[in-house]
Amino acid sequence: MILYANIWKSSSSLRFKAHTAFLVLTITFVYSLFFDKVVNRKPDAYSLVSCASFAIMSLSLSRRTHCGVEIDLLYFFLGCLIVQLMKISLQLLILGAGFSYSLIILRSSLSSTDDGIENEYFDPQGENSLVLEMDSLLLEQLKTCMKGIEEENLNLVDRLLELVKEYNLDKSELHLLGKSDYVMDSLSSRKIHNLNETVKLMVAAGYKKECYDVYSSWRKVFLKVCLKREIFGLPKENINSIHEYEREKYSDIMFDRWMTALDVAMIILFPIEQKLCNRVFLEFSSAASSCFFEVCKEATSQLLCFADTIASGSPTKWRLFKMLQIFGHLGNHIPRFQSLFLDSTLLNEAIAVRNRLGEASRDLFMEMHNVIFGVPAAKETVLTHGLHRITFEVMSYMSLACMSRKKLEQILQAYPKVDNQVEASSLIYKINSL
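Residue numbering for the sequence shown is 1 to 434, as defined by full-length UniProt numbering.
There's no promise every hint is true.
Simulated restraints, written as ranges between beta carbons of each label pair [stated by the list, open to error]:
(1) 214 to 252: 19 to 27 angstroms
(2) 201 to 363: 55 to 63 angstroms
(3) 282 to 363: 46 to 54 angstroms
(4) 338 to 414: 12 to 20 angstroms
(5) 72 to 208: 40 to 48 angstroms
(6) 224 to 136: 39 to 47 angstroms
The calculated lysine-lysine pairs, modelled on DSS-like cross-linking and capped at a C-alpha distance of 27 angstroms, are [said to hold, decoys possible]:
(7) 143 to 224
(8) 220 to 143
(9) 191 to 179
(10) 147 to 87
(11) 200 to 297
(12) 224 to 297
(13) 208 to 179
(14) 220 to 147
(15) 191 to 171
(16) 275 to 147
(17) 228 to 200
(18) 179 to 297
No wet-lab data here; the hints were simulated from the structure. Just so it is clear, CB atoms sit at the ideal spot from N, CA and C, and this is done for glycine as well.
Make a model of the complete structure from these sequences and hints.
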């Protein structure tokens, strides 16, 4: 039993514990059977010493492990010792009772000391085991509630795809505005309530951080699935890795996907996640805000990263028009960033990306001055689509400037940096005069 003490402490197998207890019971029964035959004659010193020694051994064993049979063995051997002493002389009963009383009082004193140590140092064999078991049960309950809601995510995605199809017809936000409640209704209120009750139990038990981490990781996966290419077509490839002659071919597709993903995320997905966090963490408002921010942070950074890639790419004329589109589109969502996220981190990130888009658009537009006014007449007569190269470039920039005149004026006023002593505001005037 002493050799098995450490195994018993670390083992969680009920079969091992049951077999060990049965073995101890069998050995005790066999010993009792032979002891009864021996005690028919007068006990000798060897029998007395054996009972006393086994009693002390049982007491020592109870200090090493907590199998549940050590104390019973102690009482058994003490009883055997008293019976043998009484057979020798009834007066020896006092000796046997005194010896037994001293061992029992000693065990009681040691048990009290152990209880004090457990309370002070958080004994891993007692309270910590209960905590771990409770932690496992609560965590399993939390995952079960989340799995119940996850089964209904397919209904949510189906409604979302319906709205995306309507949105793609004319790219109007009117198809998305006010529809977050419609999509949210696909989730069961009963299952959300069960999740809320489980969260309250975990917070009350002291597992607030673990609860938030599990929930945040779970909803991050859902947003990642929603924004992946198969659903909303958010491009995975880096636009800078595409060959120059392929960029214009893929640019419209990629930008349309990005704008769709941004609109759906800001108008539908993020408000849904905000409402779900508020309902799940109903009694913990600050935790709901923090959890919502953590859930949306990765998806938002993914969306902004694509826009930032456009701003930092190599300057080409086709990129200018797309940057102007993204600049205006992202600017329309800045108020939504302010209203959705109490933490200003994502708002500042969005504003920084928009500023880089504005500055990149300004710098690229400044090159129009060099093309139109600063480049001397070329001697070569290479034609592009039947036109002189300079004529073709000028007409392309002129067409772009006319289509995006308001956005260009807004950018040049907001970012009035000048290159080569040319006033930015004068470029619009020169373009109009042409």
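Evaluated hints:
no. : hint                           : in the structure
1   : 214 to 252: 19 to 27 angstroms : violated (41 angstroms)
2   : 201 to 363: 55 to 63 angstroms : holds (57 angstroms)
3   : 282 to 363: 46 to 54 angstroms : holds (49 angstroms)
4   : 338 to 414: 12 to 20 angstroms : holds (18 angstroms)
5   : 72 to 208: 40 to 48 angstroms  : holds (43 angstroms)
6   : 224 to 136: 39 to 47 angstroms : violated (27 angstroms)
7   : 143 to 224                     : holds (19 angstroms)
8   : 220 to 143                     : holds (15 angstroms)
9   : 191 to 179                     : holds (21 angstroms)
10  : 147 to 87                      : violated (70 angstroms)
11  : 200 to 297                     : holds (25 angstroms)
12  : 224 to 297                     : holds (11 angstroms)
13  : 208 to 179                     : violated (32 angstroms)
14  : 220 to 147                     : holds (14 angstroms)
15  : 191 to 171                     : violated (34 angstroms)
16  : 275 to 147                     : holds (18 angstroms)
17  : 228 to 200                     : violated (33 angstroms)
18  : 179 to 297                     : holds (22 angstroms)
Checked against the numbered hints listed earlier, the structure breaks hints 1, 6, 10, 13, 15 and 17; every other hint is satisfied.
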